[in-house]
Amino acid sequence: MELSQANDYVKKMFSCEWVKWIHPGSSPAETVAEKKNYAENPILNGRHCARCLNMNGCCFVKGNCPENPLHEHCHCHYEGIGTIEVQTRSSIEKYTKYIFDNEKNKGKKELLEKWGYSVFDSNFLKEEIEKQSCISIQCGEYELGSLDGYGQRINVVIHLKRKDTGEDVTFVAGWMVYPDGKVFLTTPYGDDK
Amino acid sequence: MKELERVELIKDRAEYAQRGIKVGHKGTVMLGDERNGYVLVFFDGEYYKNKYGVMVMREIDVGVRVEDLKIISDNQ
Chain A
1 MELSQANDYV KKMFSCEWVK WIHPGSSPAE TVAEKKNYAE NPILNGRHCA
51 RCLNMNGCCF VKGNCPENPL HEHCHCHYEG IGTIEVQTRS SIEKYTKYIF
101 DNEKNKGKKE LLEKWGYSVF DSNFLKEEIE KQSCISIQCG EYELGSLDGY
151 GQRINVVIHL KRKDTGEDVT FVAGWMVYPD GKVFLTTPYG DDK
Chain B
1001 MKELERVELI KDRAEYAQRG IKVGHKGTVM LGDERNGYVL VFFDGEYYKN
1051 KYGVMVMREI DVGVRVEDLK IISDNQ
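From first to last, the protein sequence lines are chains A and B.
Note that the first sequence covers residues 1 to 193 in the working numbering.
Note that the second sequence covers residues 1001 to 1076 in the working numbering.
If you're looking for bench data, these hints aren't it; they were derived computationally from the structure.
As a list, the in silico BS3-like pairs of lysine-lysine whose alpha-carbon atoms are at most 27 angstroms apart: (1) B/K1026 to A/K97; (2) A/K97 to B/K1002; (3) A/K104 to B/K1070; (4) B/K1002 to A/K182; (5) B/K1051 to A/K114; (6) A/K12 to A/K193; (7) B/K1049 to A/K126; (8) B/K1049 to A/K163; (9) B/K1049 to B/K1026; (10) A/K126 to B/K1002; (11) B/K1049 to A/K104; (12) B/K1002 to B/K1026; (13) A/K131 to B/K1002.
Note that the structure is a prediction, hence the values are computed from the model and not measured.
Construct all of the structure, not just a fragment, from the sequences and the given hints.
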């Protein structure tokens, strides 16, 4: 990354104002017991929907966040939190046992191999996609994806260099938003860009 | 339910129908960490030729209740 580009990113990071989704009366489910409790809550009393419970504690850049309220009688709201540290996490198996798996890749293996990458590049791809996504999300450069009972997904544009020609290629990686700035990779290759 | 397991939908619900998913659709669990009773499944969609000339499957990401899924073999 060039110095001028790094400066631009730093300016964007510090100019972003973050907001946190608050579902009053419940904390984000972190432990197995809490998740179990929340899983049973909507079924037992019908008072809280899974979407709102899963959104609780999730953070977004103001102006690039899901609409609130989500439904009639929704009592969730946003609170300003200034800034946060985004943490991107992904598993190596998303590359070794999905992108490069003979049965499950659904065309992605051929695509990556066309660009010169193989299963032996899994660690590089994991770290590169995590790094680029972390910077982009921190700067608010993401698109909101689907929102349902599992929570809010976001999409980030990734730039790679083909190993054979050095040409730039772009695609979209998918991420799942968790509370307090944590995001987990759903797919390394979601679509073209 | 484990990440990257292949699954099949066994119960219809309006929330899945909104995304075009119904009983019999197959997919891959992309996040197996259960959140309020749901896991994240990428259901198999149509193949399309992407801008790099490769046939790639379009996948449909849907949060699905664990009890609405059955595990199938990897090659299905």
